[in-house]
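Novice: Here are the chains, one letter per residue:
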Amino acid sequence: DSGVTQTPKHLITATGQRVTLRCSPRSGDLSVYWYQQSLDQGLQFLIQYYNGEERAKGNILERFSAQQFPDLHSELNLSSLELGDSALYFCASSPGGRLAGGGETQYFGPGTRLLVL
Amino acid sequence: GNSVTQMEGPVTLSEEAFLTINCTYTATGYPSLFWYVQYPGEGLQLLLKATKADDKGSNKGFEATYRKETTSFHLEKGSVQVSDSAVYFCALTHQGAQKLVFGQGTRLTINP
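Protein sequence lines correspond, in order, to chains P and C. Take the first sequence: its letter number 63 is residue 63 in this note's numbering, and every next letter is one higher. Take the second sequence: its letter number 7 is residue 7 in this note's numbering, and every next letter is one higher.
What the hints contain is simulated information worked out from the structure, not anything from laboratory work. These numbers were taken from a predicted model, which means no experiment stands behind them. Certain hints may be false.
Covered stretches of chain P, as calculated for chain C (at least 3 residues, CB under 8 Å) [what the hints assert, rightly or not]: (1) 17-31; (2) 38-49; (3) 54-61.
The C-beta atom is built at its ideal place from N, Cα and C for all residues, glycine as well.
Kindly produce the complete structure, drawing on both the sequences and the hints.
Specialist: Dropping the structure here:
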């Protein structure tokens with residue numbers, strides 16, 4: 001058990017809909033990351049938050065948005081869903097914001113499996 | 001840009017066989033290198049890491065050495081077990097950034 005929790009575990013929805021994925025980081029971790037795992041794209045970084053502020057952005061679509069709340073939990077919002085958004089979405093957390101170097105271990109949650117029909 | 005290339009899978013071995021999964025990277029400067037493992041139905045777990053050249057990461061009998069001259073971080077284990085069956089991901093973080101850049105993953109199956 002990594003200490004990172006994600007809800008829901010599974011989500012089935014229809015094209016055009018909007019969903020919210022939730023992540024609670026390990027106790028004391030200030031950074032939260034979102035990754036998408038799909039068969040064709042592999043594991044891709046979406047976005048990082050550190051202590052409530054956006055720190056880095058990856059291949060995140062404009063239809064997707066995220067935020068980190070004062071209690072440090074994070075939500076990933078996916079809207080106008082398309083079939084191609086079906087994937088496993090992982091949240092990870094790490095202690096926080098070293099500006100130099102990148103050797104911090106990230107701890108991954110179990111993921112939310114999204115199926116868009 | 002930064003990238004990671006892993007050997008093509010899937011890999012199937014018999015129990016107690018020697019394992020090597022190749023990983024090479026492209027990055028400027030001095031990235032940190034990681035191996036993560038994903039067991040069926042679970043999230044990713046850190047297996048080992050190395051943060052500077054010539055460092056060796058090791059855990060649960062697995063080892064990998066950060067080789068800057070060959071830009072490689074190959075994963076090895078001397079004697080695999082059925083319980084090692086999983087998908088293995090090589091990854092890097094670049095200096096000044098914390099996002100992980102992953103290879104495509106290698107599915108390993110160990111037969112008894």
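Novice: Each hint needs a verdict: does it hold in this structure or not?
Specialist: Hint check:
1. As drawn, the stretch 17-31 of chain P meets chain C at 1 residues by the rule of a beta-carbon pair under 8 Å; below three, the given contact is violated.
2. Under the rule that three or more residues need a Cβ within less than 8 Å of chain C, the assignment of the stretch 38-49 of chain P holds, with 5 such residues.
3. Given a C-beta distance limit of less than 8 Å, the hint that chain C covers the stretch 54-61 of chain P holds, as 3 residues qualify and 3 suffice.
In this structure, the one hint that does not hold is number 1.
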